[in-house]
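Enquirer: Whole structure, please, built from the sequences with the hints as guidance.
There are 2 protein chains.
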Amino acid sequence: MNIYGANAIYINGIPLEDACRRWFKALHQLYARNVVQTHSAGQVGLKPDAVKPQTVKTLAETMEPETIEVTSSCGRITAKPIVAKLSSPFFHSSAMDGYAVRFADTFGASETTPLRLIEGKDAFYVNTGDPLPLGFTAVVMVEDVNLLSVGKEHYVEIIKGATPYQHVRVIGEDIVATELILPENHRVRAVDIGALLASGYTKVNVRRRPRVAIIPTGSELIEPGTPLSYGHIIESNSWMLSQMVEDSGASAVRLPIVEDDFEKIKSAVLGAVSSNDAVMIIAGSSAGTKDYTARVISELGEVIVHGVNIKPGRPLLLGAISDKPVIGIPGYPVSAYITYNLFVEPLIQKLLGLEAGSSLPNEASVPPMRQHSGQLRVKATLSRPINSTIGQEEFIRVKVGMVGDTMVATPLGRGAGIMMSLVSADGMLRVPAMSEGLGARAEVEIELMRPLEDVYNTIVCIGSHDNTLDVIFNQLKKRYPGYSLSSAMVGSMGGIMAIKKGIAHVAGTHLLHEETGLYNVPFIDQLLKGMKIVLINLVYREQGLIVKKGNPKNIKDIDDLVRDDVTFVNRQDGTGTRLLTNKCLRDKGLSPAMVKGFFDMVEFTHMGVASAVSSGMADTGMGILSASLALGLDFIPVTKERYDLLMTRESYELPIMKALLDIIGNDAEFREIVTSLGGYDLSDMGKVLYET
Amino acid sequence: MNIYGANAIYINGIPLEDACRRWFKALHQLYARNVVQTHSAGQVGLKPDAVKPQTVKTLAETMEPETIEVTSSCGRITAKPIVAKLSSPFFHSSAMDGYAVRFADTFGASETTPLRLIEGKDAFYVNTGDPLPLGFTAVVMVEDVNLLSVGKEHYVEIIKGATPYQHVRVIGEDIVATELILPENHRVRAVDIGALLASGYTKVNVRRRPRVAIIPTGSELIEPGTPLSYGHIIESNSWMLSQMVEDSGASAVRLPIVEDDFEKIKSAVLGAVSSNDAVMIIAGSSAGTKDYTARVISELGEVIVHGVNIKPGRPLLLGAISDKPVIGIPGYPVSAYITYNLFVEPLIQKLLGLEAGSSLPNEASVPPMRQHSGQLRVKATLSRPINSTIGQEEFIRVKVGMVGDTMVATPLGRGAGIMMSLVSADGMLRVPAMSEGLGARAEVEIELMRPLEDVYNTIVCIGSHDNTLDVIFNQLKKRYPGYSLSSAMVGSMGGIMAIKKGIAHVAGTHLLHEETGLYNVPFIDQLLKGMKIVLINLVYREQGLIVKKGNPKNIKDIDDLVRDDVTFVNRQDGTGTRLLTNKCLRDKGLSPAMVKGFFDMVEFTHMGVASAVSSGMADTGMGILSASLALGLDFIPVTKERYDLLMTRESYELPIMKALLDIIGNDAEFREIVTSLGGYDLSDMGKVLYET
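Chains A and B, in that order, are what the protein sequence lines are. Take the first sequence: its position 633, counting from 1, is numbered 719 in our numbering, and each next residue is one higher. Take the second sequence: its position 55, counting from 1, is numbered 141 in our numbering, and each next residue is one higher.
Treat the hints loosely; a few may be bogus.
Heads up, the list lumps identical chains together, so a pair's fine if it works in one copy or across two of them.
[Said to hold, decoys possible] With a straight-line Cα cutoff of 25 Å, these simulated SDA-like cross-link-like pairs (lysine to any residue) come out: (1) Lys-465 x Glu-531; (2) Lys-465 x Glu-533; (3) Lys-618 x Glu-345; (4) Lys-238 x Thr-375; (5) Lys-171 x Ser-305; (6) Lys-682 x Asp-191.
Bear in mind the hints are in silico, worked out from the structure with no lab data behind them.
Expert: Structure follows, in structure tokens:
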């Protein structure tokens, strides 16, 4: 049985470029149908009020413009060219504090033949900005005159002739009436508000903000703030999308949650279409038994695209009802974010007349991700390999940082449901459909989601995970707001290798060398031979077995891990914690194969391990005390280990690193917070333990 | 007499770096006095509600935070770290459409030994996102099962064992409770709203927006929209600054205009100080007879800095009243813009906890100009030389464009009153105090005020001025919103040289070769020998003498220019129009020295000439008919000339140039507008007249 039936085309989706081409072409057709004869865009340079028939119709012109106050027009888009009503200045005014004179009166004045002008008749005091008395044609600076009184008469004595209009702001110096102040399709800024007011405008004609309705669907959804019970999901996507719509310059209309019911969804969509310019339906765009979005759109209008060959974001629906675009947005937050940026953001930009890049009217290139820094693309080196499925274009969120001369990109969690991968992301990496993946150190192009300056001011931390890194990150943002810390959890060994490869500023490491019983140093000596490094202690911390509250399986030590009724959650390869588990098992003569879950259940952080225990996925796992305490679990201590920060001497000297070391070394608040996490010994915190 | 008296220090102002150091140090002291014991910044990773005494006080912490709805928190700054209240997902849920099973039940299933699970007992259908029934631990994709019915019983047949938690979104996969969602001092974005709601928040603790009062002063000022009479100035600075304050993330409180009256200003300032966090007083910060700002501040509080050695912006006042910062902003719009960015914007950033860049608590570096693209600095080549006064740091607005591999910066009008230089600017160039100026082709660093992508999509047009260029600019923004045209008016000869030097995409030129009577081609052959160029006609246009409406001086032809009672306004050297005047005079046997104003009165555009005539500065000037018509002046025709666009073949092939040529060649609306300007013959518009 194949429940997809008629939806077979949907399964893989069509290529992204095809989807964009179909969508943007369809949009032009849709709106063309709606066009009524609109006003002219006016004209420039002459007769601002003349109206001319239009010969070229843009998508933006299909929306009726509106007239608003100049003082509240910031961020809005001009709907026609704006030419100055008035010149500015509007009269000759003084550009200096001094005396207004008639330049013709001053001919022949010199040091040997000073000239006296009668104050109040041939010379008038003017402050900067004052109008010149009518017929006066120059200003002599106050520094260049002598004031004399003879009897009741006051004189202004000058020793140099004035040139015509010297120190005068002449009429139209700034703005000449009829001059173009702002073109059509211009986003109004603070300086434009000043120029519009100065050139005689109090109102301005701008594009109406398109209204975009957002309908969250799903019987499992509850409104934020509602008490949560099993199976419920807090509806957050619509609020994220609402804000994205507002950020795009449109007006978001968030409608109530609709349960998975064909008729109810249909009726909500019909209502939304009638009073908005576009409609987004969240979730139900796939082909499951409760996915009604495609049926609703095809019953009420037409489906243009169902399924795009991208990951995340495949179950996307693009359609139209009553000549209004209707978009079925997939329900996973990352899918929602990506498909919004690819298909809805460009729609709004076109309606506003801000279509980005080089777009001929019907051209449909794949748009860039929404960005903070003007669609900045940077070349970067991948810090970790990426596998990718052939035949599907993938969008991977990455952290980006600058280490030495290398821009380093580290992939974040890839699931469509990993909201935090968007929160943490600095940029987006597109892996083409025909790629099987990218190797570590591959050169890639990243679309930045943060300003470049933020990337330069980010400490790249790759290596072992510890909860204190979160505290450092926060304390850094608090005390040095321009700085940031980006951490990728690849285990201690991965951290040391990242330092070796020059793709991290700092690595957290807690590798115990079995023969010598020393931490970290033997590995550094072996792996980083010849490099200048500094090793600084962060903490000593307690490692042990994290178990459920009350320890229901009565786990007492390592021997219990091989019990049939005990499932263990492990850390990934190359982590000091996994090595510790290995060592503990070997010390007892036990084999990893005897431990249920050892190879199957892997988490990437201590909190992941604690969470797996807390949720019942596993009975126990090796981790740090602070993670256990954070989730209110119980803990069986196994060892106390040293956790250090490793960096090159070059990184050690950087201002951003000085800020980090200042926090570790001198910040009493930081120490109090770490102490309160539990399980930490701070006696060597900030001390240099080894350097080469 | 020296009216500056005690203000002698003010005359030149102190160096910018000193002013910044004094100001930022003073701010830390001011706020330190105001500090009451505030709440803790909370802590990370554990016990989110615990309160700890603080040991490091930042400027931002002196402001009481406030609690607002998450859904309206976009753009606000977190006042403490936010850790997840809930895990997300909050239960194990299906990551696929399929059947939930207990993985232990599936051991041993294979193609040869398929396993049948009873539907509704050992297997349940789940859609993506559905919770797993309690105790169920894996999902088998719907594609991988066979559905069978035997009697009334329905079976789900599988041919492969399930691994633990396969196709399951496990609890905490996205967010683990107690995990850090957002650090302190983080600006909330759309994705953060999603993450905050998903992790259990409906409210969020953010920094209060500082209230900044703005008091415009000046007896000459009127509110926008008030009928204008001689000597009045429309008050626009306060509205520009209000928007800049809002853009900085603070709240602007614009107060009514106060006339130049010591007591009235004093009372307005006192009122503003009592209910706001900072106060800006616009104008009156200089040392003229009606400049009261310094006296008001020193009487009510203390002056910290009076006069900074920058241009524009010298007459700046920094002070404090009742421990509140009070800033005297100079009255010229460009001075206001620059001093706001240097001294007020960083203050707001500090109060919000967003201080940019590498700022140790008391460090006071000179801040960058406010920017759209994350403080992006680019290297550029100067297209024109710049003179600068030694001993004064100068801020020069520039247009920036990319020609071939060269980023080209062209200086704009430099006066402090040239608002339009801010409207047109792509970036800011700082000329250090000790520089005498910069030569053409100098390598300079530009602080971009637009996204870099905009710079790449800008056509750089250097050369002769014609009013149709404004129309092209507007039409380009209308039909190709991603593209822009930047034009610098340096005359026809300057345009040809700009093409030669590779610093312009296109040059407008109308050079008449005296011997041959040909336009442009002889100059191109001589000056651009060996280059591949394309010459395209834009228009034929009427040049003539622009005179006042009604021609009161009864000017009839070129002979009248040498009359004693006639003042002439000329164009700058290297312009085709100036050459035309020269030729006309020579033809009549007249010398330029006989023409009053010929060497003194120079304008850079046809509109500048028309404006000079309109305002009475001059009686006549040579210019194009459209400029004369635009200002309602009269016109005595002299000649009809050819105005062409010159470009290299390389530029001719660029997509941006194709867009421009599309408008010139095919846009009926464009032709109608140009025709309506008057004085243009479009018969060869868009035709290639010459190519090499």
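Enquirer: Taking each numbered hint in turn, which are not upheld by the structure, reported in ascending numerical order?
Expert: Checked against the structure, the only hint that fails is number 3, while the rest are satisfied.
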